[in-house]
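J.: Got chain A; can you put chains B, C, D and E on it based on the hints?
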Amino acid sequence: MRSFVAALILVGLIVGPWLSDTRAASDREKLLTEPGVYGTFALFALNEEWAKQDPAMRIVRLTSLKGVVEQHREHVAIDVYLLRGLSDHADLLFRIHAAELRQTQEFLLDLKSSQFGRHLKTVGVMHGLTKTPNYVPGFSEQMKADLKAVSEPGQHPYAIIIPIRKSAEWWGLDQEKRAAMMQEHTAVTLPYLKTVKRKLYHSSGLDDLDFITYFETSKLEDFHRLVLSLENVQEFRYTRRFGNPTILGTMKSLDEIVELLAQ
Amino acid sequence: MRSFVAALILVGLIVGPWLSDTRAASDREKLLTEPGVYGTFALFALNEEWAKQDPAMRIVRLTSLKGVVEQHREHVAIDVYLLRGLSDHADLLFRIHAAELRQTQEFLLDLKSSQFGRHLKTVGVMHGLTKTPNYVPGFSEQMKADLKAVSEPGQHPYAIIIPIRKSAEWWGLDQEKRAAMMQEHTAVTLPYLKTVKRKLYHSSGLDDLDFITYFETSKLEDFHRLVLSLENVQEFRYTRRFGNPTILGTMKSLDEIVELLAQ
Amino acid sequence: MRSFVAALILVGLIVGPWLSDTRAASDREKLLTEPGVYGTFALFALNEEWAKQDPAMRIVRLTSLKGVVEQHREHVAIDVYLLRGLSDHADLLFRIHAAELRQTQEFLLDLKSSQFGRHLKTVGVMHGLTKTPNYVPGFSEQMKADLKAVSEPGQHPYAIIIPIRKSAEWWGLDQEKRAAMMQEHTAVTLPYLKTVKRKLYHSSGLDDLDFITYFETSKLEDFHRLVLSLENVQEFRYTRRFGNPTILGTMKSLDEIVELLAQ
Amino acid sequence: MRSFVAALILVGLIVGPWLSDTRAASDREKLLTEPGVYGTFALFALNEEWAKQDPAMRIVRLTSLKGVVEQHREHVAIDVYLLRGLSDHADLLFRIHAAELRQTQEFLLDLKSSQFGRHLKTVGVMHGLTKTPNYVPGFSEQMKADLKAVSEPGQHPYAIIIPIRKSAEWWGLDQEKRAAMMQEHTAVTLPYLKTVKRKLYHSSGLDDLDFITYFETSKLEDFHRLVLSLENVQEFRYTRRFGNPTILGTMKSLDEIVELLAQ
Amino acid sequence: MRSFVAALILVGLIVGPWLSDTRAASDREKLLTEPGVYGTFALFALNEEWAKQDPAMRIVRLTSLKGVVEQHREHVAIDVYLLRGLSDHADLLFRIHAAELRQTQEFLLDLKSSQFGRHLKTVGVMHGLTKTPNYVPGFSEQMKADLKAVSEPGQHPYAIIIPIRKSAEWWGLDQEKRAAMMQEHTAVTLPYLKTVKRKLYHSSGLDDLDFITYFETSKLEDFHRLVLSLENVQEFRYTRRFGNPTILGTMKSLDEIVELLAQ
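Protein chains in written order, with the working numbering: chain A, 2 to 264; chain B, 2 to 264; chain C, 2 to 264; chain D, 2 to 264; chain E, 2 to 264.
Any given hint could be a false lead.
Identical copies look the same in the list; a pair holds intra-copy or inter-copy alike.
What the hints assert, rightly or not - Distance condition first, Cα-Cα at most 20 angstroms in a straight line; then the derived EDC-like pairs of lysine to aspartate or glutamate:
1) K132 / D223
2) K178 / E232
3) K178 / D89
4) K195 / E260
5) K149 / E71
6) K122 / E101
7) K167 / D209
8) K200 / E153
9) K31 / D80
10) K198 / D223
11) K178 / E30
12) K253 / E142
13) K132 / D55
14) K167 / E236
15) K253 / E177
16) K132 / E35
17) K149 / E185
18) K31 / E222
19) K122 / E49
20) K253 / E49
21) K149 / D80
22) K167 / D147
It should be emphasised that the hints constitute simulated quantities derived from the structure, not laboratory data.
Next up, chain A with everything else stripped away, as it sits in the complex (with noise of 0.2 angstroms):
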């Protein structure tokens, strides 16, 4: 069956190369790694009608995700992963990193509109700001070159999105107080570079938050141990909201995607 699917897609979908574009790819770069970059994060869920339809019809409906896909992804760069089974009431998240928040919202309407997007209920949206990093500058040189450890290349299978709300009080601190908690809680995040990538959206305005944390990791204990260690230190105590929720996926490329909802 497997197989079979797999086939269709292939006569189906592959008609021009998946980010082949070099314009493309460096563009998508850019986006994923500069300051001042939007970053969304969509969460959806398939309606009830999606389980009824065949398969035939599913990979017609996919292909137009495809289709929508690509048609966009000159100028938003667009990952994909898969919720179900891991994440209450969402199947499926769109990670979305644009230089306007108009760009996203033209992907998103599109996506909606496309004959894949009406099976698809709008769990949650939510919208973050790449920044240069606020507090880097006042650590210590020793802090600033373990910093610079670069996460080990390879498959990192899971993706766990936290939502941050921090309290008045943090907020009312002067910069030296919450600059000096900061490099505490940098501290504890150090033995876990170079297994856990992590990054960071401001939201403060955009949403009902002040940060979006995202992770990848093949290690999700590590990852359990890093959070704990957060939890551990004293600028954890002017959070009011971490989580709630918590979001926890897998990275999928777009194809394993298709071939996963098109069973």
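T.: Structure of chains B, C, D and E alone, referenced to chain A:
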């Protein structure tokens, strides 16, 4: 496809020019600038059946939307925003200004009864009242002068609505203390007067809120920095609800909305 | 269209005059003014099928609504409010006064079983009891005299319902302290006695509330100012729920409701 | 119509007399009075399809309800309450007493699988355990004597269920302090012993509650005064959940329920 | 009827013996006892269409459930619990133990894609990790000896799952203080070691929880007393979520589940 839809819209909808009537335009100006006006923010989601309508039927339905807006624009000022893709659970926001909430109710009743309205699920309704500024009379002359700066003309594509509820402690403070904190609050907003347009609605008793704060900007990053600044001042500690939800969308003309939803 | 609908209503519904019976009117007067009466606020939303009924069928169904109200009006006093367009999630509010909650239940059972009631989803039910004033006996003579002022006759088109729950600290205060705070609370309401009509229901044990406060006014801005005044007094700090939801609607005769919903 | 329905019920349902079996009656008596018995409160709403059934079909389905109750009444004591019109979101409440929760589960499984049960949506389930009184042994002799007063015989048409969760501070107090507060709590309830019947269920661990308090009365105003008295005592400050929901309904025999729902 | 269903099940399902494979059994044993294993609690409700299927169709669908479990049992240990009648909103609970959460996701994806799974709505998913005990090494020798007591063999029909989140204050305490409180916590649980089996999962970062506590017992009253004891110790004051939801069900073999749901 888009041009076909646009042609259908041209034939079907452009019967009378939009806002051509000078009197309606001047009434609209008054409603948008004077105190003692009621502002209503009505959030709607399109129901599941909308996605199943064919384009021709959608255009018939969207014509009814345009008709209802035409019919009421002498009495109420209506602005439309596209939330889909940027906010959870709602697709459209109508901001309605009226001298009396009865008039707003009449518009929304006709909207719901229209052929288009039958596809709308009401997600939220918030009301506020415009008033002359409470604290400005006591501000320094310099600040009063600064506040006269007008936001830059041109497009402000993004709109953000943040509902606010103050704590009982806030209301228990004497007027002088609150005025001092509001002066600090206002001071940090001055750098953003030119790029972020603001409007305040007073809601106590009309809704589970004390204020609705409304923002327009083409520079979302400036808006984000403005919110960060507001989180830093002492008055923020007396806020017990900030957002929940934060509503983010893009401003659209009715014609743009019609064209987008027709697809 | 409206006149056609009105004609159908005339033929179909005006069988017996509304509230013509003198006895029913006097019973109604008693229920609305005396202590020891149960007041129920029942909120309903029209289901999705209602919007799909044709006008003739709607009128048949609305006739059943009118019939149920006629049948029960000897025992219970029924007022109807239109919430659609002004409140979230509910379209209609019935306020029912009865000597016994059993009678209210019988009315609501018959309403739900009626052809119209099958289109109603129950969104909320709140109960309270009218009582002789707790704190007034201890007020100053001047205040007692002021409180005798009657609200101005004429139309009060808006109705607002705000549920209240006091904190455990409030109930733990001795009677004298609470009386002093209630005197301050009452003092700030005096300027609004003429334009905002008020009624208080005691709910402890009957619902997750301590009080239901009910307001009628034609001047919503006065009502807003009244609430602002109430937020300023010391007693407000002992309120742990104020609204959630705040219910805002317009008072309608049953005939008006029938005409509006028939469209 | 009612008499037609009643006749159909007579033919269809009155096969065996309700609770005629002496053994079942005595078992029921034990379950309702002894400690170490599990009490379950199961709340159900009728689904939208129920309203669309014709009367004859409803009676067929209601016969299955009666059959399931008959089948289980040897092992579990079942009481039925009508919530519709008095409580939000639920129409029916079953109170089930059993020596083992397994037996309650078996009854509820059969109920859900029955033709009637297919129209029931489970709105809530709460469990508690009857125990010998914790604090009474330490009360004064006078209070012990007072507590022996029995509630007046006759109809108690109203039932109210209030779930309770105490704060961590309460459980952290030593037994002596809690006993003193419970004596004060009990003292204020004495004036209502005759008109308000009470029963206590212990829930810690079985549900997100510490207690389920159950009341029966024909005088709701007395019950309201009792709750006001309980809000005044010191022990109330250690309550962090009181209600949420408060459940109010009327006690009905199964035959009454069948007749009411058949319409 | 039951025997007819049982016969159909015999014909349809008993193709391969359940857990006959010795290797699978030993893997299961490891997964259930060793540290470093991921435990997932997945809660499902049967959708409205399930109740409308005829018995033969149900059995076809249940066969697919059994097939999916068979297919995955080499990699994951699967236990099934019946919640219907004892918990709100969910009918079934799957507890899945796996060396990697990816394997759990694969099982749940196949379950959802199966003919049976199309009737399942995901109500909740919680994850935790088994670890070697944190605090036991510092306990007294006597307590270590006591903890070696094994729970009595035989049937433990009830299972209870209570999710726990500790306060930021808890994590801010030094290890020594936490260890002292955990010793007090453990001491009060000793009387229940024989009748209440416990298992602990660590969740920080994997979910909006710090711990999932899992209990099995045939004596629910003992479990209730155990929880009361835990509410009394100092450590309980540092718990900010205990339950919400508390999940109560009965342990069933897959064959029992199939037989029960077939009816």
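J.: Now tell me if each hint is right for this structure.
T.: Hint check results:
no. : hint        : result
1   : K132 / D223 : between (26 angstroms within a copy, 13 angstroms between copies)
2   : K178 / E232 : both (18 angstroms within a copy, 16 angstroms between copies)
3   : K178 / D89  : neither (37 angstroms within a copy, 35 angstroms between copies)
4   : K195 / E260 : neither (31 angstroms within a copy, 49 angstroms between copies)
5   : K149 / E71  : neither (34 angstroms within a copy, 47 angstroms between copies)
6   : K122 / E101 : neither (24 angstroms within a copy, 29 angstroms between copies)
7   : K167 / D209 : both (11 angstroms within a copy, 16 angstroms between copies)
8   : K200 / E153 : within (15 angstroms within a copy, 34 angstroms between copies)
9   : K31 / D80   : within (14 angstroms within a copy, 36 angstroms between copies)
10  : K198 / D223 : within (11 angstroms within a copy, 29 angstroms between copies)
11  : K178 / E30  : neither (35 angstroms within a copy, 48 angstroms between copies)
12  : K253 / E142 : neither (37 angstroms within a copy, 50 angstroms between copies)
13  : K132 / D55  : neither (45 angstroms within a copy, 44 angstroms between copies)
14  : K167 / E236 : both (9 angstroms within a copy, 16 angstroms between copies)
15  : K253 / E177 : neither (41 angstroms within a copy, 43 angstroms between copies)
16  : K132 / E35  : within (8 angstroms within a copy, 39 angstroms between copies)
17  : K149 / E185 : within (17 angstroms within a copy, 39 angstroms between copies)
18  : K31 / E222  : between (31 angstroms within a copy, 18 angstroms between copies)
19  : K122 / E49  : both (10 angstroms within a copy, 9 angstroms between copies)
20  : K253 / E49  : neither (23 angstroms within a copy, 28 angstroms between copies)
21  : K149 / D80  : neither (25 angstroms within a copy, 45 angstroms between copies)
22  : K167 / D147 : neither (26 angstroms within a copy, 31 angstroms between copies)
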